[in-house]
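K.L.:
The residues making up each chain are set out below.
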Amino acid sequence: MRRTLPIAVVTGMGLFMLVQYFIPLEEFETLYEWVLDWTMVIGCFAMLLGLYSLTTMMVTKVKRKAPGWGYSLVALAGLFFMVFVGVVPHYQDSLKYGTLFMDLFEYIYIPIQAAMFSLLAFYIASAAYRAFRARTILATILLLSAIIIMLRLVPLGPLSGINQWLVNFILTVPNMAAKRAFWLGVGLGATATALKIMLGIERGYMGRD
Amino acid sequence: MKDKDSHWTRVLSLFLFVFVSLFLGMQTCLAQEAEQAEALQDSLAQPPAPPTNVVAKDAPNDNGHALLVIWTLSADDGAGQNNVVSYQILRSDSPDGEFEVRGLVPAGENTYKDKGAKEKEDANYLPPHKDFYYKVRVRSDGIFSDSEVSLPAHAYGQWYHTGKTAVLLAVLIFSTFALVFITVARKGKKLYIRPLAGIEAVDEAIGRATEMGKPILYILGLGSADMIATIASFTILSRVAKKTAEYQTPILIPCCDPIVMAVAQETVRAAYLEAGRPDDYKQENIYYLTSMQFAYVAGVNGIMIREKPATNFYLGKFYAESLLLAETGSLAGSIQISGTDEIAQIPFFVAATDYTLIGEELYAASAYLGREPVLLGTLKGQDWAKALVMIFLILGALAATFHFQFFLNLFKVQL
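Chains as they are written, first to last, in the working numbering: chain A, 1 to 209; chain B, 1001 to 1415.
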């Protein structure tokens, strides 16, 4: 029963989702929207689960004085302080500009996030260095293509026209062909996975083979 | 003296003649212009001929809250007086009742979809199975004329969307392929599948972590539990966790979605149970970090720097954080295996990790790892479907080149 029931639920829901795609009837639309609403409701409740998991882990680290427990303390303090300023003083309008909650979000959280994102520029440079080392023919082709594409925004005088033509060719012919092949493969792979799950062949996601 | 008088008389006569001619000519021109202007005014003042053959019918392939109105254009639309500006579509629930304006289309168009809301409380609600009457008002500059009232029509929902037949056929063909090969595999026939370097390296990567006495970090990506890439990642996690249980190597799984965390906990717990080591399962190693993208990156990068995991798995849905994670892992000296179906992140993973599962290889990985005939059967079916797609691509290119429209229309999908 512990194995059959979940598979039956998954198969039933999978079949419903497949069938409703081809049936435009209002009843099916309503049922589909109802299922989506339930997903959101479950998502909201799951957030409490996540909060519990995070808090338990951090509190355990602090209690045990595990290496780096200070960071856990800061994370816990930040978590509960944000909940406090978001809920207690202005529980109805804490998302309006000018409240302490929004100020903390705007002037602390967003700059930190932007700083993390800006690291990407440096990481791209180091990754590109590794990827573009012309040690094989394929890597050399990759390097040349990258140079041509990068030069499209640089004024090259009379060579601009030729470079633009090359860029268009690379993007619309070999690049697009590879992308479409990728998408076709992904589409078929996703359908095959869905089919395996619906037929109960693939059960790894339930924690058992 | 007499000659001089006669000369002046001739000049004066000539001048008078020219003046009178010009005056008369001008008068004629003005009269003609006035006549033309009057004719134009007359034509503008006349309402354009009304549209004819107004037909209302149920709009196809919908939920039953729309009607389609079709008419024959006014005789003055693009011909005749050529003074049609637009058509107004009017609707009433009785032929003699008050008609309300439902929409406007420009001259030259002869169809209108009267789409209503499905919610009863909405002012635009269009009830199904209720008769409605339509007429079309052709409009010129401030004047108009109305068509005859159409026969009654009512909206109703359809049981099948005919515009999606191509999708249905594709699903059926693909499912047939998969089922045939599953049956073949169940009968015990050996199926060859090409080896994937990323999958072959899984055992080696787990073994390395065991030898080094360091944990394994498994990242399920930023996707939610309903995404196919995340589901594929769960199936791989199940097999990786079974191996880590056998080797008694800790596995760390920081999650960015609480539902993903719950599923991952259950998956790993069951894998440890299956491996006969339920006591080694530690739920605290699978935890929720945050749902915010870069906060999650900061958290995971911190784990990489502090814990120095021997092996990192990045399998699932990844976005801009892919390179931030993979590059930090590379700097930390971990062996890294990645896989995603996000095309924009593939180059980053290829550049920064040791092995990459590209697109569909991620979905196929669980079949590779398990080597179960039934799972391999679906892979084989997938390959045959791909071959069929290739044949259709070639035929489609030929059909498009030679304008064989019928063949191309077979593949059109209307959403």
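Some hints could be false.
Straight-line C-alpha distance at most 30 Å; calculated BS3-like pairs for lysine-lysine [claimed, not checked]:
(1) Lys1386/B to Lys63/A
(2) Lys1386/B to Lys179/A
(3) Lys1118/B to Lys1308/B
(4) Lys1130/B to Lys1118/B
(5) Lys1187/B to Lys1115/B
(6) Lys179/A to Lys1243/B
(7) Lys1164/B to Lys1118/B
(8) Lys1282/B to Lys63/A
(9) Lys1187/B to Lys65/A
(10) Lys1187/B to Lys1057/B
(11) Lys61/A to Lys1412/B
(12) Lys1164/B to Lys1386/B
(13) Lys65/A to Lys1214/B
(14) Lys61/A to Lys1243/B
(15) Lys1308/B to Lys1057/B
(16) Lys1386/B to Lys1113/B
(17) Lys1386/B to Lys1412/B
(18) Lys1164/B to Lys1120/B
(19) Lys61/A to Lys1282/B
(20) Lys1164/B to Lys1243/B
(21) Lys1308/B to Lys1214/B
(22) Lys1308/B to Lys63/A
(23) Lys1308/B to Lys61/A
(24) Lys179/A to Lys1187/B
(25) Lys1308/B to Lys65/A
(26) Lys1113/B to Lys1057/B
Worth flagging that the hints you see were computed from the coordinates, not collected in a lab.
K.L.:
Now tell me if each hint is right for this structure.
P.N.:
Hint by hint, here is what the structure shows:
1. Lys1386/B to Lys63/A: 56 Å, violated
2. Lys1386/B to Lys179/A: 15 Å, holds
3. Lys1118/B to Lys1308/B: This hinted pair is violated, its Cα atoms lying about 57 Å apart.
4. Lys1130/B to Lys1118/B: Holds: Lys1130/B and Lys1118/B sit about 13 Å apart, inside 30 Å.
5. Lys1187/B to Lys1115/B: Roughly 54 Å separates the two Cα atoms, so the pair is violated.
6. Lys179/A to Lys1243/B: 34 Å, violated
7. Lys1164/B to Lys1118/B: 22 Å, holds
8. Lys1282/B to Lys63/A: The hint holds at about 18 Å.
9. Lys1187/B to Lys65/A: Measuring from Cα to Cα gives roughly 58 Å; hence the hint is violated.
10. Lys1187/B to Lys1057/B: 54 Å, violated
11. Lys61/A to Lys1412/B: This hinted pair is violated, its Cα atoms lying about 58 Å apart.
12. Lys1164/B to Lys1386/B: Within the cut-off at roughly 20 Å; holds.
13. Lys65/A to Lys1214/B: With Cα atoms ~20 Å apart, Lys65/A and Lys1214/B stay inside 30 Å; holds.
14. Lys61/A to Lys1243/B: 27 Å, holds
15. Lys1308/B to Lys1057/B: 68 Å, violated
16. Lys1386/B to Lys1113/B: At roughly 39 Å apart (the allowed maximum being 30 Å), Lys1113/B and Lys1386/B break the hint.
17. Lys1386/B to Lys1412/B: 19 Å, holds
18. Lys1164/B to Lys1120/B: 28 Å, holds
19. Lys61/A to Lys1282/B: 15 Å, holds
20. Lys1164/B to Lys1243/B: Measuring from Cα to Cα gives roughly 44 Å; hence the hint is violated.
21. Lys1308/B to Lys1214/B: Measuring from Cα to Cα gives roughly 7 Å; hence the hint holds.
22. Lys1308/B to Lys63/A: Holds, at about 23 Å.
23. Lys1308/B to Lys61/A: 18 Å, holds
24. Lys179/A to Lys1187/B: 37 Å, violated
25. Lys1308/B to Lys65/A: 19 Å, holds
26. Lys1113/B to Lys1057/B: 10 Å, holds
Checked against the numbered hints above, the structure breaks hints 1, 3, 5, 6, 9, 10, 11, 15, 16, 20 and 24 and satisfies the rest.
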